[in-house]
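For the sequence shown, our numbering gives the first residue as 1, with consecutive numbering after it.
What the hints contain is simulated information worked out from the structure, not anything from laboratory work. None of these values were measured; they are calculated from a predicted model. Watch out, some of these pointers could steer you wrong.
To be verified - Simulated pairs of lysine-lysine, DSS-like, Cα-Cα distance not exceeding 27 angstroms: (1) K154 x K168; (2) K50 x K94; (3) K322 x K234; (4) K344 x K357; (5) K266 x K322; (6) K371 x K242; (7) K371 x K357; (8) K471 x K456; (9) K364 x K344; (10) K347 x K323; (11) K452 x K471; (12) K323 x K234; (13) K364 x K343; (14) K364 x K347; (15) K205 x K266; (16) K343 x K323; (17) K499 x K452; (18) K242 x K266; (19) K66 x K94; (20) K323 x K353; (21) K94 x K74; (22) K471 x K344; (23) K266 x K364; (24) K50 x K66; (25) K353 x K242; (26) K357 x K343; (27) K266 x K323; (28) K347 x K242; (29) K344 x K499; (30) K343 x K499; (31) K353 x K343; (32) K234 x K344; (33) K322 x K471; (34) K347 x K322; (35) K322 x K353; (36) K370 x K344; (37) K242 x K370.
Unchecked claim - Cβ pair distances, simulated, as ranges: (38) S430 x D296: 40 to 46 angstroms; (39) D466 x A375: 45 to 51 angstroms; (40) M281 x N226: 28 to 34 angstroms.
Glycine included, each C-beta is placed from N, C-alpha and C at the ideal position.
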Amino acid sequence: MKNIDDLIELIMGDGAMKELSSKVYKDEPILKRASQLVQDVIPKQDTPTKLMEMRRMVYLPEAQWKSREWLFYKQGNFMAGFEDDFDSFVPFEKYYPTYADMTLSQQRTFFSWRTRVRCGEYPDISLSYIFVYCYEMINLIGVETPLDAYNNMKTILEKYEERQPKLKTNIDRWLFDMVIYYDLDSSLLEETDSVIFDSALIVMKAPAEHTEEELFRAINMLSSYNAERSSFYKTCPEDFMKVTTGTYLALDAYYAANRQNSLFNKFFGNMAVSTYTMFAMSVFCHYRFTRHNVYDINSVRGFSLSNGIWYCSEYLGKPHSKKQLGDLLRAIDSIMREQCGFKKALKCPDITKQMYKVINEQIKILQERKKLEEAAKVEIDLSKLGSIRRAAAITRDKLIVEEETDDEPTTQPEPIVTAEEEHGDAVQNSTPLNDGEYAFMQALLYGGDCRKAAQKAGSMPSLLADSINEKLYDDFADTVLTFDGDTPVVIEDYEEELKGMILP
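With the sequences and hints as input, model every part of the structure.
Below you can see the structure in the form of structure tokens.
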């Protein structure tokens, strides 16, 4: 090979070599003006001038070293009052989207859509456009007050939640943060999951200051075991509630008197402080510090700002706190079933000897109280019966009026409504079972063809039986179906209760 030209020609081919040799190179400036760098160098005649000015902000000297959040905030304020009426909607998909990520057509789509939103219209649009609007709200772009921004973003969630399910998780978090960051009224947080959780914690932290109903509701909500689904609870909810709340109060008193740690701290640990990121997963410009540096939501959750960093104080709970509380509830359920002779037993989980002792004491207290109530006598003063009868007779005579008689009755008998007419053609399924499993159980309970029902459900009897046993375990704490050979059979002890759940 003679020279480098031969090597290039061999690699690129004769045609490419000729194209390179014929290309003319000219001097070009290293630095260009901003207008030369804009992608849409020659915009259409109807392109708004203000929009082109916003696009050129990308090439400002400051924009070369400052953050994209700063550029978003600067461009957003510049375009805060801008309105557009672009004819078509161009799709836009981008993580953490900003104006700078959009083409000219996408920018016109966004501002036209935003114009319609401000007029109360909410047409279908790409999710990324909605996120840009939400970023505007958390940065207070185009609004007069933080509360206006909060309400606008809440409205966006209401209008687009069904069409864009991914919105809810992020917007719920940003609405929560807006209340803290902009010092809005804490009543806006009452329906949030965090504050609902806190309300239950507050009850359990000071149980003596609340009613039995409030304490039981809090225990059940924070527990991994949902007592309200228990078949035993459904037969005697008041007794179950009294034993549960009595047990918690007794254990709370025991820990206060005999342990350095409280019962509440045993379940949920101590309050912890951790760093907190405001408006996480968003484009937010921390362009200023808020005027406040402390925001206490309640006695178990608060926020503070120090040196530009936010901190959250809360009860994080121990890793197994919900399970420990769930074991206590399940143990109460199990022991009460045994003491009351309930037909379906429930295996008792491992609990401390003190807990076992207290539960039995509370059951005994309940039983003694009920005996006293049953033994209470109702005394009637028989000497006053005569005067009561006379007064009743006088009242009766005053109320008697002459009745008009007609040849035909004035009222028509009420039509008889069958179960099918009242509930529709199909029996309403309110059990955990799906329709196929429900039909399978109907066949077993009322003499139908279970194999045909399984075939119609697109499954096999054995698979359906396993699924049914699993779904009904929480209600019966046992399997309800067994097999006689390869034929599924309802366990006799549960047949009547199952018929109460599953109608023919």
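Which earlier hints can't be squared with this structure? Failing hints: none at all.
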